[in-house]
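Student: Please model the complete structure; the sequences and the hints are all you need to start from.
Numbering-wise, UniProt numbering puts 3 at position 3 of the sequence shown, and it's gapless, one number per residue.
Distance condition first, Cα-Cα at most 20 Å in a straight line; then the derived EDC-like pairs of lysine to aspartate or glutamate:
#1 K199 - D85
#2 K19 - E86
#3 K135 - E86
#4 K56 - D109
#5 K199 - E86
#6 K19 - D140
#7 K19 - D85
#8 K198 - D85
#9 K19 - E153
#10 K198 - E86
#11 K135 - D85
Here are the computed distance ranges between Cβ atoms for each label pair:
#12 E55 - S139: 46 to 54 Å
#13 C51 - T154: 32 to 40 Å
#14 S107 - W18: 35 to 43 Å
#15 V78 - G58: 23 to 31 Å
#16 L172 - F146: 34 to 42 Å
#17 A185 - Q141: 29 to 37 Å
#18 A185 - L46: 21 to 29 Å
If you are wondering where the hints come from, they were derived from the structure by calculation, not from laboratory data. Glycine included, every Cβ here is placed at the ideal spot set by N, Cα and C.
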Amino acid sequence: MKTAYDLYLGSFNRGRRWKYNTLLSVFTFTMFSALGRGSVEPLFQLGEPFCWSSEKLGQFTAARSLMQQICGMGLIKVFQKFMTDESIAIMGCISFTIGYVIEGLASSDALIYTVPFVSACGLLTVPMCRALLSKLTRSDQQGAVFAVIATMETLVNLCGSLLSIEIYVETLNLYSGFVFFVYGACSAFCLLQMILYKKYSNKTTPLVKR
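Tutor: Take a look at the structure:
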């Protein structure tokens with residue numbers, strides 16, 4: 001616990017702790033939108049104007065999962081041959097941002113079926129955040145860093161779906177796709193953070209050894 005506190009908040013890590021907190025923030029918001037989407041997307045597609053059947057819903061979910069896991073995550077090694085980890089994470093943020101906006105605006109099957117393709121690379125942000133955190137950290141401190149990540153992932157798993165459903169219910173009368181704009185805003189915020197991280201991460205104070 002002390003090591004984790006020192007890395008993320010401790011004064012000895014001044015000049016570098018912003019990197020840890022930025023990557024943790026990007027990881028958390030990306031996980032929130034990705035996990036929350038799974039809770040509200042069926043409700044959105046079962047309602048008007050889509051009124052999908054359970055069979056059609058299953059086909060869409062399978063297509064989205066296939067695109068993200070195989071075409072997105074499966075190409076990490078290929079992307080790493082000509083892109084930095086920061087650039088891949090930025091690409092993931094852009095992919096999710098555009099995908100969420102399209103889904104929020106969608107009013108026809110044709111438009112919503114583009115979402116799995118547009119957002120296929122969105123989940124790449126998650127492993128890239130883990131990889132960047134690992135590169136920042138000495139081998140004897142890796143456990144503390146990833147314990148914090150695991151804690152945040154657990155919290156998002158526990159609370160993300162409930163919060164997403166609450167947002168969906170409260171904004172349903174306003175605009176049924178509003179929750180996807182919230183996810184898009186989260187991804188856009190992550191995009192901004194990653195751009196700043198890439199720009200300034202090599203200009204900060206090195207870690208002071210204790």
